[in-house]
Amino acid sequence: MEILTTENLSVGYAGGKNGRTAVVLSGLDLSLPEATLTLLVGANGSGKSTLLRTLSGAQAPLGGSITVGNRPLHDISLRQRARLLALVYTDRTGGGGLTVSELVALGRQPYTGFIGRLSSADRDIVAGSLAAVGISHKADSYIAALSDGERQKAMIARALAQQTPLIILDEPTAFLDIASRLEIMQLLGALVKNEQKTILLSTHDLASALGVADRLWIVDALNRTVVQGSAGSLIADGTMDKVFPGRNVTFNPYINDFTIKA
Amino acid sequence: MSLRTRRHTIALTIFSLVIVILFPLLMVVGSVDIPLREVWAALTGGDVSREAWRVIVVDTRIPSACTAALAGAALSVAGLLLQTTFDNPLAGPSILGVSTGSSLGVAIVMLALGGAGSLVGQSAVLAGALAGAMLIMIILVAMSSLVRSATMLLIVGILIGYLSSSAISLLNFFATQEGVHSYVIWGLGNFYGVSAERLPWFAAIAIVLLALSLLFIKPLNALLLGTRYAENVGVRTIRVRNQLLLLSGALTALVTAACGPIGFIGLVVPHIARLATGTSNHATLLPATILAGAATGLLCALICVLPSQWGVMPVNAITPIIGVPVIIYIILRRRKIFYFN
Numbered sequence: 012m013e014i015l016t017t018e019n020l021s022v023g024y025a026g027g028k029n030g031r032t033a034v035v036l037s038g039l040d041l042s043l044p045e046a047t048l049t050l051l052v053g054a055n056g057s058g059k060s061t062l063l064r065t066l067s068g069a070q071a072p073l074g075g076s077i078t079v080g081n082r083p084l085h086d087i088s089l090r091q092r093a094r095l096l097a098l099v100y101t102d103r104t105g106g107g108g109l110t111v112s113e114l115v116a117l118g119r120q121p122y123t124g125f126i127g128r129l130s131s132a133d134r135d136i137v138a139g140s141l142a143a144v145g146i147s148h149k150a151d152s153y154i155a156a157l158s159d160g161e162r163q164k165a166m167i168a169r170a171l172a173q174q175t176p177l178i179i180l181d182e183p184t185a186f187l188d189i190a191s192r193l194e195i196m197q198l199l200g201a202l203v204k205n206e207q208k209t210i211l212l213s214t215h216d217l218a219s220a221l222g223v224a225d226r227l228w229i230v231d232a233l234n235r236t237v238v239q240g241s242a243g244s245l246i247a248d249g250t251m252d253k254v255f256p257g258r259n260v261t262f263n264p265y266i267n268d269f270t271i272k273a
Numbered sequence: 012m013s014l015r016t017r018r019h020t021i022a023l024t025i026f027s028l029v030i031v032i033l034f035p036l037l038m039v040v041g042s043v044d045i046p047l048r049e050v051w052a053a054l055t056g057g058d059v060s061r062e063a064w065r066v067i068v069v070d071t072r073i074p075s076a077c078t079a080a081l082a083g084a085a086l087s088v089a090g091l092l093l094q095t096t097f098d099n100p101l102a103g104p105s106i107l108g109v110s111t112g113s114s115l116g117v118a119i120v121m122l123a124l125g126g127a128g129s130l131v132g133q134s135a136v137l138a139g140a141l142a143g144a145m146l147i148m149i150i151l152v153a154m155s156s157l158v159r160s161a162t163m164l165l166i167v168g169i170l171i172g173y174l175s176s177s178a179i180s181l182l183n184f185f186a187t188q189e190g191v192h193s194y195v196i197w198g199l200g201n202f203y204g205v206s207a208e209r210l211p212w213f214a215a216i217a218i219v220l221l222a223l224s225l226l227f228i229k230p231l232n233a234l235l236l237g238t239r240y241a242e243n244v245g246v247r248t249i250r251v252r253n254q255l256l257l258l259s260g261a262l263t264a265l266v267t268a269a270c271g272p273i274g275f276i277g278l279v280v281p282h283i284a285r286l287a288t289g290t291s292n293h294a295t296l297l298p299a300t301i302l303a304g305a306a307t308g309l310l311c312a313l314i315c316v317l318p319s320q321w322g323v324m325p326v327n328a329i330t331p332i333i334g335v336p337v338i339i340y341i342i343l344r345r346r347k348i349f350y351f352n
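Note that the protein sequences, when read in sequence, are chains V and Z. One point on numbering: in my numbering, the residue at position 69 of the first sequence is 80, and numbering is uninterrupted. One point on numbering: in my numbering, the residue at position 55 of the second sequence is 66, and numbering is uninterrupted.
With the rest of the complex left out, here is chain V:
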């Protein structure tokens, strides 16, 4: 069962510079099977964030279609969408004066009433989300007092509290140290196994991420499209090398990362 599929999708910007339409990626026939973790791999500026924004509905596609949970994305209202997909971004946010549990409780907004009062069921879900990412002991700390790694775990807990089948993360570990990067990837892997979440994340940190990834979406920079497949097969057939065409790097399967060409 697929949580999300795209058909001949093209993403980019209508009326960009000189009023011309800038197609960033096109011909995308992609899918996210239920309870899998998919890595979106691509060079800087290759269109990863544009694709993720389009899939989350924040930006209109230039062509083709996106289906989430068997419904066209553009037919799904903002409020319904909030119950289907949750987002985690790279950069630090405001809200430093909220406690961790207040921040995670924001994930319950699609379910609460007009003034946002939490029911006891909502509180249980918040506590469960905190426990799932392992920061229950920080529940009453201010967001401003957290380390970057703890902060990103709190944002993931917020996404969990939203109780969506699909979670999309845009470079969630970009500013974290190696220990936090590995912890977050293990955590995401566990969410797929234990809670049947479907996760799509973009990252440059393949060494930490490939260990838990089921599938890959690889941006083919030369053809401005995305190739999808199981992690094992795409590594085996050399598709990884399409990420940096014409650059002096190649993918080394023994260390699960790019290295300088020998």
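Read the hints as simulated data drawn from the structure, not as lab findings. Be a bit skeptical, because a hint or two may be false.
[Unchecked claim] Here are the in silico distance ranges between beta carbons for each label pair:
hint: 1; chain 1: V; residue 1: R258; chain 2: Z; residue 2: A178; range: 51 to 59 Å
hint: 2; chain 1: Z; residue 1: T16; chain 2: V; residue 2: R90; range: 25 to 33 Å
hint: 3; chain 1: V; residue 1: Y24; chain 2: Z; residue 2: A178; range: 36 to 44 Å
hint: 4; chain 1: Z; residue 1: R239; chain 2: V; residue 2: S158; range: 44 to 52 Å
hint: 5; chain 1: Z; residue 1: L170; chain 2: V; residue 2: Y24; range: 22 to 30 Å
hint: 6; chain 1: Z; residue 1: R247; chain 2: V; residue 2: S158; range: 30 to 38 Å
hint: 7; chain 1: V; residue 1: G74; chain 2: Z; residue 2: L101; range: 53 to 61 Å
hint: 8; chain 1: V; residue 1: G56; chain 2: Z; residue 2: L170; range: 54 to 62 Å
hint: 9; chain 1: V; residue 1: Y24; chain 2: Z; residue 2: H192; range: 55 to 63 Å
[What the hints assert, rightly or not] Partner residues are not named here, just some residues of chain V that face chain Z (Cβ under 7 Å, in silico):
hint: 10; residue: L98
hint: 11; residue: G105
hint: 12; residue: G106
hint: 13; residue: G107
hint: 14; residue: E113
hint: 15; residue: G127
hint: 16; residue: Y153
hint: 17; residue: A155
Computed from a predicted structure; not experimentally measured. In this text, a Cβ means the ideal position worked out from N, Cα and C, and glycines have one as well.
We have chain V; now place chain Z onto it with these hints.
For chain Z alone, coordinates are given in the frame of chain V:
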């Protein structure tokens, strides 16, 4: 009850206590010494030995104290809404050009149309202030669909404020001396602009607008994480931003029309409320800001009448004395204050 909820309760109680203490003080302190027993008689409708004393208490002191409390609360809430909307701790009604827009409206009424302040009616001043503020809000809302970035919109607001100021200067340059004088007096700010007959109207509008702000607690909290996360939990961010702009514009316009352009309260009180309650959660912060704003308004009104034999000092001479130390404290302690970063 957790430590944190206890802190919220203590802060709200202290703000309420300050209101309860200051309000009666304002009935007693003033440029005319009225014996305590006579003030009590005037308040309770008993026999007052001099009619003038009854008039002072009932027609001046009660309306001005109520105006001060409501104006303080309204400006503070406007400031809080703008600070959250623009994700900028230094946003406030006077920075966004809204109160300058009000001033422009009043300047047109007083300087271009009326001449001396006594010649133009209070209603014309009120209408001018409302029209000016609403004009600025409409321009900002129109720009809001073109300028997606909140910071850029804030800068547009500041620039429009400069334009209004320049128009005001030109009006002053060409106006009569009496017109300029009455406009300058209005610009100093005072809590005596609302008469006893008008007070119910002023109070009703202020209370309705304050109550409306309470409906925004949920989207305001979502906006703390920025527009992308807010949209992800279902908030229509552009629509909510426009509604918040209109609401804070209406709150500012109401106060500016009645009291003149009062600075600092809208900027500073939300910070006082955050520091006292220890939270950015609007479920606590918004009620705390209303109470702290009313308390600050009353405190300013009290300081204004303290040098009793010389009359009443202008409000805008007082608000920086309360406001500037708080702003400097916040800037110096920025790294240590919980709600930054």
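A quick look at each hint next to the structure:
no.: 1; hint: V/R258 - Z/A178: 51 to 59 Å; in the structure: holds (58 Å)
no.: 2; hint: Z/T16 - V/R90: 25 to 33 Å; in the structure: holds (30 Å)
no.: 3; hint: V/Y24 - Z/A178: 36 to 44 Å; in the structure: holds (39 Å)
no.: 4; hint: Z/R239 - V/S158: 44 to 52 Å; in the structure: violated (22 Å)
no.: 5; hint: Z/L170 - V/Y24: 22 to 30 Å; in the structure: holds (28 Å)
no.: 6; hint: Z/R247 - V/S158: 30 to 38 Å; in the structure: holds (33 Å)
no.: 7; hint: V/G74 - Z/L101: 53 to 61 Å; in the structure: violated (44 Å)
no.: 8; hint: V/G56 - Z/L170: 54 to 62 Å; in the structure: violated (33 Å)
no.: 9; hint: V/Y24 - Z/H192: 55 to 63 Å; in the structure: holds (56 Å)
no.: 10; hint: L98; in the structure: holds (5 Å)
no.: 11; hint: G105; in the structure: holds (5 Å)
no.: 12; hint: G106; in the structure: holds (4 Å)
no.: 13; hint: G107; in the structure: holds (5 Å)
no.: 14; hint: E113; in the structure: holds (5 Å)
no.: 15; hint: G127; in the structure: holds (4 Å)
no.: 16; hint: Y153; in the structure: holds (5 Å)
no.: 17; hint: A155; in the structure: holds (4 Å)
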